[in-house]
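Undergrad: Sequence:
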Amino acid sequence: MRRGIQSFVNPWLASRSIGNRVANGVEVEQGAGGLQFDFKTYITKKMKAVNEALEMAVPVRYPEKIHEAMRYSLLSPGKRVCPIMCISACELVGGKEEICIPTACALEMVHAMSLIHDDLPCMDNADLRRGLPTNHKVFGEDIAVLAGDALLTLAFEHMMKTPSSIVPAERIVTCIGHVAKTIGSEGCVAGQVVDLESGGDPNVSLETLEYIHIHKSAVLAESAAACGAILGGGTEDEIERLSNFALCLGLLHQVKDDILDVTKSTEQLGKVAQKDVMLDKATFPKLLGLELSQEFVLYLAEKAKGYLSPFDQNRAAPLFSFVNYLVCRQS
Numbered sequence: 054m055r056r057g058i059q060s061f062v063n064p065w066l067a068s069r070s071i072g073n074r075v076a077n078g079v080e081v082e083q084g085a086g087g088l089q090f091d092f093k094t095y096i097t098k099k100m101k102a103v104n105e106a107l108e109m110a111v112p113v114r115y116p117e118k119i120h121e122a123m124r125y126s127l128l129s130p131g132k133r134v135c136p137i138m139c140i141s142a143c144e145l146v147g148g149k150e151e152i153c154i155p156t157a158c159a160l161e162m163v164h165a166m167s168l169i170h171d172d173l174p175c176m177d178n179a180d181l182r183r184g185l186p187t188n189h190k191v192f193g194e195d196i197a198v199l200a201g202d203a204l205l206t207l208a209f210e211h212m213m214k215t216p217s218s219i220v221p222a223e224r225i226v227t228c229i230g231h232v233a234k235t236i237g238s239e240g241c242v243a244g245q246v247v248d249l250e251s252g253g254d255p256n257v258s259l260e261t262l263e264y265i266h267i268h269k270s271a272v273l274a275e276s277a278a279a280c281g282a283i284l285g286g287g288t289e290d291e292i293e294r295l296s297n298f299a300l301c302l303g304l305l306h307q308v309k310d311d312i313l314d315v316t317k318s319t320e321q322l323g324k325v326a327q328k329d330v331m332l333d334k335a336t337f338p339k340l341l342g343l344e345l346s347q348e349f350v351l352y353l354a355e356k357a358k359g360y361l362s363p364f365d366q367n368r369a370a371p372l373f374s375f376v377n378y379l380v381c382r383q384s
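My numbering puts the first residue of the sequence shown at 54, with every later residue one more than the last.
Keep in mind that the hints are not guaranteed to be accurate.
What the hints assert, rightly or not - No farther apart than 30 Å at their CA atoms in a straight line, the calculated lysine-lysine pairs in the DSS-like style are these:
| no. | residue 1 | residue 2 |
| --- | --- | --- |
| 1 | 328 | 214 |
| 2 | 339 | 101 |
| 3 | 190 | 149 |
| 4 | 149 | 118 |
| 5 | 317 | 214 |
| 6 | 214 | 234 |
| 7 | 118 | 93 |
| 8 | 118 | 214 |
| 9 | 190 | 93 |
| 10 | 132 | 234 |
The set of hints was computed from the structure by calculation and includes no laboratory data. Remember, predicted model here, so these are calculated numbers, not experimental data.
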């Protein structure tokens with residue numbers, strides 16, 4: 054595991070201390086001390102701020118085609134998990150939204166890049182993403198590759214737009230290094246390589262599958278929370294706790310994706326359903342079955358909430374609610 058990243062699946066299999074809660078329709082513990090929190094209003098407000106900032110970050114300019122391709126994927130309807138995670142972590146440790154918006158947008162650029170490249174014929178060969186034709190289906194493979202490359206480089210440029218008058222420069226540099234390592238050969242690239250190598254292999258282990266999900270996707274959530282906490286001036290303990298929280302939540306998100314892929318339709322998902330089945334890829338339902346996969350989701354939810362326990366419960370309410378939202382989502 055990268056950077057000494059822990060395994061979640063092995064401790065879960067050893068303990069199986071989930072209780073009697075089951076995802077999708079049965080009780081899910083709310084956390085945050087039972088506090089009532091209007092998560093829908095919170096998410097709507099944060100998404101509006103992020104979407105407006107993203108719109109301004111990539112204006113259409115010459116050559117128009119590449120910028121249109123960048124905007125097509127970057128501005129398409131999405132959950133904005135990484136940027137909102139970044140903002141929430143920053144605010145939890147005492148920072149303000151405006152100091153982390155550039156980095157939050159940069160993380161969404163990185164995420165959009167990863168989706169564009171992941172959908173290419175030489176990778177997962179996907180035709181549909183977020184209910185729309187994938188980038189290469191609209192602009193061609195050549196422009197899609199370049200759009201992903203351009204978004205990646207723009208992400209680092211955009212992080213440098215964080216005002217040094219309100220954020221110490223060393224914090225910005227630390228975040229840039231963190232994101233760079235997250236994307237590279239020990240992070241997202243590593244996950245994609247192992248994913249490609251594992252396609253069609255009937256002997257893929259749970260540990261390998263966990264490695265793929267953590268490194269392809271969960272590390273982006275980890276980086277988002279870490280950067281938010283760093284920019285907000287969090288302590289080392291706060292940064293570590295929020296990083297672990299987000300890593301756990303990122304894996305939960307991917308396991309839930311595996312479940313939805315075999316239980317929902319293409320129309321419901323906004324992408325081709327059972328794509329992993331068609332590609333003969335290992336998934337958690339394939340290796341564990343649906344019931345145990347749902348149990349693992351709940352284990353990860355409780356584990357994630359545990360990392361938040363030392364924080365003020367009112368201030369942490371958005372992140373507690375984020376856990377419940379991802380557990381219960383149906384698309």
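Undergrad: Against each hint, give a clear statement of whether it holds in the structure.
TA: Status of each hint after checking the structure:
A C-alpha spacing of about 38 Å is found between residue 328 and residue 214, which places the hinted pair above 30 Å, so the restraint is violated. A hinted pair counts as satisfied when its Cα atoms are at most 30 Å apart, and residue 339 with residue 101 does not qualify at roughly 37 Å. About 39 Å separates the Cα atoms of residue 190 and residue 149, which puts this hinted pair outside 30 Å; it is violated. Of the supplied pair hints, the one linking residue 149 and residue 118 is violated, its CA atoms being roughly 35 Å apart against a limit of 30 Å.
For the suggested pair residue 317 and residue 214, the alpha carbons sit about 41 Å apart, so the restraint of at most 30 Å is broken. Of the supplied pair hints, the one linking residue 214 and residue 234 holds, its CA atoms being roughly 20 Å apart against a limit of 30 Å. A distance of roughly 35 Å separates the Cα atoms of residue 118 and residue 93; the hinted pair therefore is violated under the 30 Å criterion. Taken as a hint, the residue 118 and residue 214 pair is honoured in the structure, with Cα atoms around 25 Å apart against an allowance of 30 Å.
For the hint linking residue 190 to residue 93, the alpha-carbon distance of about 33 Å lies beyond 30 Å, and the restraint is violated. A distance of roughly 24 Å separates the Cα atoms of residue 132 and residue 234; the hinted pair therefore holds under the 30 Å criterion.
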